[in-house]
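Student: Here are the chains, one letter per residue:
Number of protein chains: 2
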Amino acid sequence: MPTFFSNHISQSTIILDENDSRHAIKSLRLKSKDQINIIDGRGTLYTTEIIDNNPKKTIVTILNKKSFKADIPLQLAFCPTKNNDKNELVVEKAVEIGVTKIFPVFSQNSERRKWNSQRMEKICISALKQSGRYWLPEIHQSCSFTDFITSKHSEKNFIAHCKDAPKKALSNVVDSSKNQLILIGPEGDFTVEEIKLALKNNFCAVDLGNNRLRTETACLVALALMKNT
Amino acid sequence: MPTFFSNHISQSTIILDENDSRHAIKSLRLKSKDQINIIDGRGTLYTTEIIDNNPKKTIVTILNKKSFKADIPLQLAFCPTKNNDKNELVVEKAVEIGVTKIFPVFSQNSERRKWNSQRMEKICISALKQSGRYWLPEIHQSCSFTDFITSKHSEKNFIAHCKDAPKKALSNVVDSSKNQLILIGPEGDFTVEEIKLALKNNFCAVDLGNNRLRTETACLVALALMKNT
Numbered sequence: 154m155p156t157f158f159s160n161h162i163s164q165s166t167i168i169l170d171e172n173d174s175r176h177a178i179k180s181l182r183l184k185s186k187d188q189i190n191i192i193d194g195r196g197t198l199y200t201t202e203i204i205d206n207n208p209k210k211t212i213v214t215i216l217n218k219k220s221f222k223a224d225i226p227l228q229l230a231f232c233p234t235k236n237n238d239k240n241e242l243v244v245e246k247a248v249e250i251g252v253t254k255i256f257p258v259f260s261q262n263s264e265r266r267k268w269n270s271q272r273m274e275k276i277c278i279s280a281l282k283q284s285g286r287y288w289l290p291e292i293h294q295s296c297s298f299t300d301f302i303t304s305k306h307s308e309k310n311f312i313a314h315c316k317d318a319p320k321k322a323l324s325n326v327v328d329s330s331k332n333q334l335i336l337i338g339p340e341g342d343f344t345v346e347e348i349k350l351a352l353k354n355n356f357c358a359v360d361l362g363n364n365r366l367r368t369e370t371a372c373l374v375a376l377a378l379m380k381n382t
Numbered sequence: 154m155p156t157f158f159s160n161h162i163s164q165s166t167i168i169l170d171e172n173d174s175r176h177a178i179k180s181l182r183l184k185s186k187d188q189i190n191i192i193d194g195r196g197t198l199y200t201t202e203i204i205d206n207n208p209k210k211t212i213v214t215i216l217n218k219k220s221f222k223a224d225i226p227l228q229l230a231f232c233p234t235k236n237n238d239k240n241e242l243v244v245e246k247a248v249e250i251g252v253t254k255i256f257p258v259f260s261q262n263s264e265r266r267k268w269n270s271q272r273m274e275k276i277c278i279s280a281l282k283q284s285g286r287y288w289l290p291e292i293h294q295s296c297s298f299t300d301f302i303t304s305k306h307s308e309k310n311f312i313a314h315c316k317d318a319p320k321k322a323l324s325n326v327v328d329s330s331k332n333q334l335i336l337i338g339p340e341g342d343f344t345v346e347e348i349k350l351a352l353k354n355n356f357c358a359v360d361l362g363n364n365r366l367r368t369e370t371a372c373l374v375a376l377a378l379m380k381n382t
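Going line by line, the protein sequences match chains A and B. The first sequence begins at 154 in the numbering used here and counts up one residue at a time. The second sequence begins at 154 in the numbering used here and counts up one residue at a time.
Keep in mind that a hint or two might mislead.
Any copy, or any two copies together, can satisfy a pair, since identical chains are not distinguished.
To be verified - Calculated lysine-lysine pairs in the DSSO-like style (CA-CA distance at most 30 Å, straight line): (1) Lys316 - Lys222; (2) Lys235 - Lys275; (3) Lys282 - Lys219; (4) Lys267 - Lys282; (5) Lys309 - Lys222; (6) Lys235 - Lys184; (7) Lys219 - Lys321; (8) Lys321 - Lys309; (9) Lys331 - Lys349; (10) Lys320 - Lys222; (11) Lys349 - Lys316; (12) Lys275 - Lys218; (13) Lys235 - Lys309; (14) Lys219 - Lys316; (15) Lys267 - Lys353; (16) Lys209 - Lys316; (17) Lys184 - Lys282; (18) Lys320 - Lys282; (19) Lys321 - Lys282; (20) Lys309 - Lys267; (21) Lys254 - Lys239; (22) Lys239 - Lys275; (23) Lys222 - Lys331; (24) Lys321 - Lys254; (25) Lys320 - Lys349; (26) Lys239 - Lys267; (27) Lys320 - Lys331.
Simulated from the structure, these hints should not be mistaken for laboratory data. Computed from a predicted structure; not experimentally measured.
Please take these sequences and the hints and turn them into a complete structure.
Tutor: Okay, structure coming up:
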């Protein structure tokens, strides 16, 4: 049964937005009385039946609903790369793996200073449906390294960098039962001052193995380890 | 210092191919007496000096060489997805993470039956240079599921699938000190018969967590766990 996303949910009916209506009626050729799943991104899965197959504004009636508890927080903060396709890749794959919050952070060596939250939210919704999750991750607005690092975060905060300094292997310090956050740097890495500021603010310096990983690869490797070990 | 790849290495000199020569001389504007690093993909790093800055056939002399031991085998077999960009992504990221062999496998539900090894080898070389590794992973020709599963592989063989059947969490059975292989299925998953055949051939069935991962995401999550835990 196809799954759609909606945050326009009333007591008994749900209206699909124009894109989803077109997809349901034109592409999937669904008709009145066909059933579809709808998730609200806040932990509820609705089993519904189409009552008006309008291809611009499809209306369904709720047959059943089921609640799922929220995921343990798994937070990713990263410095967006110059190539925005790679940032979109990070968002899509991070959602599949199980991220719950994404923070774009601009550090001193960041080459990109633009972040389109709206576009990223769309990617996030699409990955959510694909991955069978029920809680929509939060995509934050961009902020500066200093503002980010000095605000309160989680129980376990990690910063991954490539400088020659004391670091722990991420796989040795992760704990998927805890609220965790990882901060991944830009291509030119964090500066020594930024790393110092992070350590002062309760971040633990980690590495992700011997190979030099691109920003987007580092994000996905870190999340895979934090989610699964 | 920029790093290049060459497998045309003599006792004292190395000739860069046409692409690399152009890149070195035209893009990076290197001149005679400039130094560059060259890797041969068989564990040796050469420190060299340009003696002929011909932009079509740059020649360098070897100043120094250093050998690195081979990585512990980390093998990925996967059913290529319909969208070839995603297959290229798998190869690039797998090399960064540390894969040593890649096998494209065509299973019953495979939607793609084409695999361009030559193109994938180029991506592999580029990712090798980027990630600072010294041993070039092997990219194999495609083969059928049955041929693949019945040939000899490694100490630890895993097959990831989404069917409801006894499985272990991959993170609980990985061991980065061992020769490991993971087999990832197509979008439509392996068939029950394929899974049975794998179990018979000494493969251990694993899952990669609760979320439904796309083929390319599953490849990268599995490799991240196998490499780092």
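Student: Work down the list of hints and note, for each, if the structure agrees.
Tutor: Results for each hint:
1. Lys316 - Lys222: between (39 Å within a copy, 23 Å between copies)
2. Lys235 - Lys275: For Lys235 and Lys275, the Cα distance is within 30 Å both inside one copy (20 Å) and across copies (23 Å).
3. Lys282 - Lys219: Classified as within: same-chain Cα gap 16 Å, cross-chain 50 Å, threshold 30 Å.
4. Lys267 - Lys282: both (26 Å within a copy, 29 Å between copies)
5. Lys309 - Lys222: within (21 Å within a copy, 35 Å between copies)
6. Lys235 - Lys184: between (44 Å within a copy, 29 Å between copies)
7. Lys219 - Lys321: between (41 Å within a copy, 27 Å between copies)
8. Lys321 - Lys309: both (13 Å within a copy, 27 Å between copies)
9. Lys331 - Lys349: within (24 Å within a copy, 37 Å between copies)
10. Lys320 - Lys222: For Lys320 and Lys222, the Cα distance is within 30 Å only across copies (24 Å; inside one copy 34 Å).
11. Lys349 - Lys316: within (12 Å within a copy, 47 Å between copies)
12. Lys275 - Lys218: within (24 Å within a copy, 50 Å between copies)
13. Lys235 - Lys309: within (28 Å within a copy, 39 Å between copies)
14. Lys219 - Lys316: between (48 Å within a copy, 22 Å between copies)
15. Lys267 - Lys353: This pair counts as within: shortest intra-copy Cα distance 28 Å, inter-copy 52 Å.
16. Lys209 - Lys316: neither (54 Å within a copy, 36 Å between copies)
17. Lys184 - Lys282: Result: close within a single copy only, 21 Å intra versus 54 Å inter.
18. Lys320 - Lys282: Only across copies: Lys320 and Lys282 sit 24 Å apart there, 37 Å inside one copy, limit 30 Å.
19. Lys321 - Lys282: between (35 Å within a copy, 25 Å between copies)
20. Lys309 - Lys267: Only inside one copy: Lys309 and Lys267 sit 28 Å apart there, 45 Å across copies, limit 30 Å.
21. Lys254 - Lys239: both (18 Å within a copy, 25 Å between copies)
22. Lys239 - Lys275: Classified as both; 15 Å inside a copy, 20 Å across copies.
23. Lys222 - Lys331: The answer is within: 16 Å in one copy meets 30 Å, while 37 Å across copies does not.
24. Lys321 - Lys254: For Lys321 and Lys254, the Cα distance is within 30 Å both inside one copy (24 Å) and across copies (28 Å).
25. Lys320 - Lys349: Answer is within: at 13 Å inside a copy they meet the 30 Å cutoff, but 43 Å across does not.
26. Lys239 - Lys267: both (13 Å within a copy, 25 Å between copies)
27. Lys320 - Lys331: Answer is both; intra-copy 20 Å and inter-copy 24 Å each pass.
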